[in-house]
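Using UniProt numbering, read the sequence shown as starting at 1 and increasing by one per residue.
Derived by calculation from the structure, the hints in this document are not laboratory data.
Among these hints, one or two may not hold up.
Claimed, not checked - Label pairs and their in silico Cβ distance ranges:
no. : residue 1 : residue 2 : range
1   : T189      : R165      : 22 to 28 Å
2   : K96       : E199      : 22 to 28 Å
3   : F136      : E59       : 43 to 49 Å
4   : P44       : S208      : 34 to 40 Å
5   : F194      : R165      : 23 to 29 Å
6   : A179      : A53       : 25 to 31 Å
7   : A48       : R151      : 41 to 47 Å
Think of the CB as a built atom: it goes at the ideal place given N, C-alpha and C, for glycine as much as any other residue.
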Amino acid sequence: MSAAGPGGGDAARRSTPCAAHRGHQRRRGRLFTRFLPLLPTTEPMVEALLADADPAARERITAAYPGYPDRSACVRLGGDFAFGSAAWQIAEAHGKYAPAYLYRYDFAPRPLHWAGLGATHATELLAVFGIYRSKFGALLTAGVDRRAARRVTKEVQGRWLAFSRTGIPGDGWPAYTDADRAVMVFDRTSHLEFDPHPERRMAWEGFSVAQ
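With these hints in hand, go ahead and build the complete structure from the sequences.
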């Protein structure tokens with residue numbers, strides 16, 4: 001989610017620098033192992049993705065996912081290829097012109113974990129749109145998850161509204177910069193992390209499927 005992307009052109013950047021707000025999910029690739037097999041989440045798919053890559057780049061990327069070619073490592077790799085690397089690279093690029101705020105959404109009620117999904121792609125929308133306050137949300141969070149889900153909803157909505165009004169998502173969430181790479185992590189207890197998983201972030205630097 002962002003107010004502006006980094007690719008708006010030099011003229012746009014010179015005239016109206018605009019803050020950006022975007023993120024990804026902790027288990028972003030898992031959705032695509034169950035319902036939408038579009039990402040490289042198996043060894044053959046990963047090997048096909050990296051087939052034309054420089055051998056050093058291939059080794060760097062696969063080494064960043066301990067256990068590769070285990071399925072769980074492939075799922076993490078595929079999720080980073082499609083979402084994590086884009087979030088990191090766009091935040092870094094945009095931050096050269098205007099503030100960029102990066103988040104990672106880690107919260108998931110137990111039924112999503114039981115389904116093998118966890119905090120997968122787009123699950124932050126359950127909080128953004130207040131689904132956890134609905135009847136469906138009450139069923140999804142029945143028991144021990146309800147209070148945490150509502151707390152996460154309140155925080156996410158407050159941050160999103162603050163950003164939409166001011167371009168700053170509230171206190172305690174610094175912009176993402178090359179110096180510290182601050183990431184707001186939304187979970188049962190939300191917190192800041194600085195450059196989480198640097199080995200995975202750096203592994204994708206310079207990689208392109210078009211190379």
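key: Hints breached by this structure   = 4
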